[in-house]
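Asks: Let the sequences and hints guide you as you build the complete structure.
Read off the chains here:
Number of protein chains: 2
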Amino acid sequence: KGGKFGERWAEICEAYGVEVIPVDIEYGKAVKPDLLDYLLKKERDVKAVFVTQCETSTGVVDDIERIANVVKGHNVLLIVDAITGIGVHPLMMDDWGIDIAVAGSQKGCMLPPGLAFVCVAQSAWDAIEKSILPKYYWDFKKMRKGLGNKTTPFTPAISLITAAGKALDMIKEEGIENVWKRHARLAHATREGIKALGLELFAGEASSNVLTAVKSPEGIDINSAIKRLRDETGVTITGGQEELKGKIFRIGHMGYVNDFDIILAISAVEKCLYENGYKIELGKGVSKVQEVLVSCKK
Amino acid sequence: KGGKFGERWAEICEAYGVEVIPVDIEYGKAVKPDLLDYLLKKERDVKAVFVTQCETSTGVVDDIERIANVVKGHNVLLIVDAITGIGVHPLMMDDWGIDIAVAGSQKGCMLPPGLAFVCVAQSAWDAIEKSILPKYYWDFKKMRKGLGNKTTPFTPAISLITAAGKALDMIKEEGIENVWKRHARLAHATREGIKALGLELFAGEASSNVLTAVKSPEGIDINSAIKRLRDETGVTITGGQEELKGKIFRIGHMGYVNDFDIILAISAVEKCLYENGYKIELGKGVSKVQEVLVSCKK
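Chains as they are written, first to last, in the numbering used here: chain P, 1 to 298; chain V, 299 to 596.
Be careful, since some hints might not be right.
Stated by the list, open to error - With a straight-line Cα cutoff of 25 angstroms, these simulated SDA-like cross-link-like pairs (lysine to any residue) come out:
hint : chain 1 : residue 1 : chain 2 : residue 2
1    : V       : 479       : V       : 565
2    : V       : 439       : P       : 133
3    : P       : 72        : P       : 39
4    : V       : 433       : P       : 126
5    : P       : 135       : V       : 426
6    : P       : 135       : V       : 402
7    : P       : 247       : V       : 453
8    : V       : 464       : P       : 110
9    : V       : 443       : P       : 113
10   : P       : 145       : V       : 435
11   : P       : 4         : P       : 33
12   : P       : 247       : V       : 448
13   : V       : 443       : P       : 239
14   : P       : 227       : V       : 454
15   : P       : 142       : V       : 433
16   : P       : 145       : V       : 314
17   : P       : 288       : P       : 258
18   : P       : 145       : V       : 305
19   : V       : 464       : P       : 161
20   : V       : 443       : P       : 246
21   : P       : 1         : P       : 33
22   : V       : 433       : P       : 152
23   : V       : 440       : P       : 18
24   : P       : 145       : V       : 307
25   : P       : 141       : V       : 435
26   : V       : 443       : P       : 13
27   : V       : 439       : P       : 139
28   : P       : 130       : V       : 430
29   : P       : 141       : P       : 13
30   : P       : 130       : V       : 312
31   : V       : 428       : V       : 395
32   : V       : 464       : P       : 156
Just so you know, the hints here were simulated from the structure itself, not pulled from any lab data.
Replies: Listed below in structure tokens is the structure:
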């Protein structure tokens, strides 16, 4: 539970009467694999570990490879929320031994929202077969049967599935390793631009390549500043959610994004802070981004 | 339970442990409101009646107004699957006293599939507040709270919602009464065309304006005939599902459909049957459709 989406895993389980042992993580920090190992040794009845690869609410990326290594030592399933992580950070389902991964269409997959993807490893089917929790539309057995006949058990969002085929073609053409590198490079440039403005990264060392979360400067009403920026220029920067409201702002850089998008985003941050009375040296962020992008070749 | 979608209501209830008293209806026939009244008098513990307005699997339309009148006399909720009925047959939720209606984007609403709409009358909220069945994403209380803030509790299929706004503008411009009339007229022409070919309507008097279900002629393999037609001409006529496989074929005429679509559909039926050895007088169906469409003014 290191953010809104980690908490959502817990809420979903609890809604279905599944007992949850929360692993509380300070917002902005990653899961410590050692702590997870300790807890799994202590709690012998755990059936599954739910983690979030990229916690969009805090900008943190978890080290799924190390987490998977820890989980492998215990007789439990590993279920990963890769909704924003997919296509941005590597996720080697088979190599790392992930049992179930969930992804969405609207982030690294470059599509409008409306589709969820669930990848189920062979290792998870035993639990699925035995599952007695009530379900109808989300019955994986029905889905597997449908896929075997090249169809789906219920009418799907066909236009988005067609678009997904196209997006996957684009990713295949670029090469998934290059897609990961592109995101790493753009995220690095964003972080350097932010630091050059004297601002602090919320997720520090654990900052993901999905989005950059930044601590809001003292004495500025970040949410109304962001709203004004959006209304005046059409650039959307996002504030914090729930407990983090007013405390951070977030710059997304996943999916169909290039160098100029990062320049634009940092220039918008500069404008937004400057016009709302926060002292920055105008141009310092964009210069730094420019410098990083030119020196770090693609 | 007069078809696949009536059966689905029962399956969904049973998946969640809700006891179901099935009202078995012969396929191709409508629900008899008197029988429903009799059953509701006999079974005093019933909490809700689930019906399907248009049973897409059989082409039947149920008389929801009369059903609602019966249900009103008992202390139960009326929940209507209006997924294909909406925008084709009238459904006066408030006037008739329907508690919950469910619709989809992909039929009379003229959109690609991917959205479900649920209309909840004030009268249903008491049951929703008391409901203890497990749910997370389909929590109506969360949805109502979100809508109050002009948002949704989870990321929705935004591109389809935007398209839905456009489709509703089109329906508003045509006028819903005119939309109903257009469907009634096109369905009538389709039925007359089918009868002129010596074929029999599967749903007889209960035929809906959503689609026309036709009994497959003896001695013809309707499914492979339909498949060949689709591959050769791109025209899709649908076969029967499950128990009705091979026994009927179905012509859809809901949504963004006009006179020429009906001419085309009946000409395709003629071609398909003729080329597969079934004796018909070529042109007899299309002539009849042409005649009906010209004589029945819009």
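Asks: Taking the hints in turn, state whether each one holds.
Replies: Verification of the supplied hints:
A C-alpha spacing of about 23 angstroms is found between residue 479/V and residue 565/V, which places the hinted pair at or below 25 angstroms, so the restraint holds. As the CA atoms of residue 439/V and residue 133/P are separated by approximately 22 angstroms, the hinted pair is consistent with the 25 angstroms bound. Restraint check for residue 72/P and residue 39/P: satisfied, since their Cα atoms lie roughly 14 angstroms apart, inside the 25 angstroms limit. Note on residue 433/V and residue 126/P: the hinted pairing holds, with a Cα-Cα distance of about 24 angstroms set against a maximum of 25 angstroms.
Between residue 135/P and residue 426/V, the direct Cα distance comes to roughly 18 angstroms. Compliance with the 25 angstroms bound is thereby established for this hinted pair. At most 25 angstroms may separate the alpha-carbon atoms for a hinted pair to count; residue 135/P and residue 402/V meet this at roughly 20 angstroms. The hinted pair formed by residue 247/P and residue 453/V meets the criterion: a straight-line CA distance of about 23 angstroms does not exceed 25 angstroms. For the hint linking residue 464/V to residue 110/P, the alpha-carbon distance of about 23 angstroms falls within 25 angstroms, and the restraint holds.
Straight-line distance between C-alpha atoms of residue 443/V and residue 113/P comes to about 21 angstroms, which keeps the hinted pair within the 25 angstroms bound. The hinted pair formed by residue 145/P and residue 435/V meets the criterion: a straight-line CA distance of about 24 angstroms does not exceed 25 angstroms. At roughly 20 angstroms between alpha-carbon atoms, residue 4/P and residue 33/P fall within 25 angstroms of each other, so this suggested pair holds. The hinted pair formed by residue 247/P and residue 448/V meets the criterion: a straight-line CA distance of about 24 angstroms does not exceed 25 angstroms.
The hinted pair formed by residue 443/V and residue 239/P meets the criterion: a straight-line CA distance of about 21 angstroms does not exceed 25 angstroms. For the given pair, residue 227/P sits about 21 angstroms from residue 454/V by alpha-carbon distance, which is consistent with the 25 angstroms threshold. A C-alpha spacing of about 19 angstroms is found between residue 142/P and residue 433/V, which places the hinted pair at or below 25 angstroms, so the restraint holds. Restraint check for residue 145/P and residue 314/V: the C-alpha separation of about 21 angstroms stays at or below 25 angstroms, so the hint holds.
In summary, the hint linking residue 288/P to residue 258/P is supported, as the alpha carbons are separated by about 16 angstroms, within the 25 angstroms threshold. Restraint check: the Cα-Cα separation between residue 145/P and residue 305/V comes to about 19 angstroms, which is no more than 25 angstroms; the hinted pair holds. In summary, the hint linking residue 464/V to residue 161/P is supported, as the alpha carbons are separated by about 21 angstroms, within the 25 angstroms threshold. Distance hint between residue 443/V and residue 246/P is fulfilled; the C-alpha atoms sit about 22 angstroms from each other, no more than 25 angstroms.
Between residue 1/P and residue 33/P the alpha-carbon distance is near 14 angstroms, which keeps this suggested pair within the 25 angstroms criterion. Taking the CA atoms of residue 433/V and residue 152/P, the gap is about 23 angstroms. The hint holds against a cut of 25 angstroms. For the hint pairing residue 440/V with residue 18/P, the CA-to-CA distance comes to about 20 angstroms; that is within 25 angstroms, so the pair holds. In summary, the hint linking residue 145/P to residue 307/V is supported, as the alpha carbons are separated by about 21 angstroms, within the 25 angstroms threshold.
For a cut-off of 25 angstroms, the pair hint linking residue 141/P to residue 435/V stands: about 20 angstroms separates their Cα positions. This hinted pair checks out: residue 443/V and residue 13/P have alpha carbons roughly 22 angstroms apart, not beyond 25 angstroms. For the hint pairing residue 439/V with residue 139/P, the CA-to-CA distance comes to about 24 angstroms; that is within 25 angstroms, so the pair holds. With a CA separation close to 23 angstroms, the supplied pair residue 130/P and residue 430/V stays within the 25 angstroms bound.
Taking the CA atoms of residue 141/P and residue 13/P, the gap is near 20 angstroms; set against the 25 angstroms cutoff, the hint holds. Simply put, residue 130/P and residue 312/V have alpha-carbon atoms about 18 angstroms apart, close enough for the 25 angstroms limit, and the pair holds. Taking the CA atoms of residue 428/V and residue 395/V, the gap is near 21 angstroms; set against the 25 angstroms cutoff, the hint holds. For the suggested pair residue 464/V and residue 156/P, the alpha carbons sit about 21 angstroms apart, so the restraint of at most 25 angstroms is met.
The structure agrees with every numbered hint stated previously.
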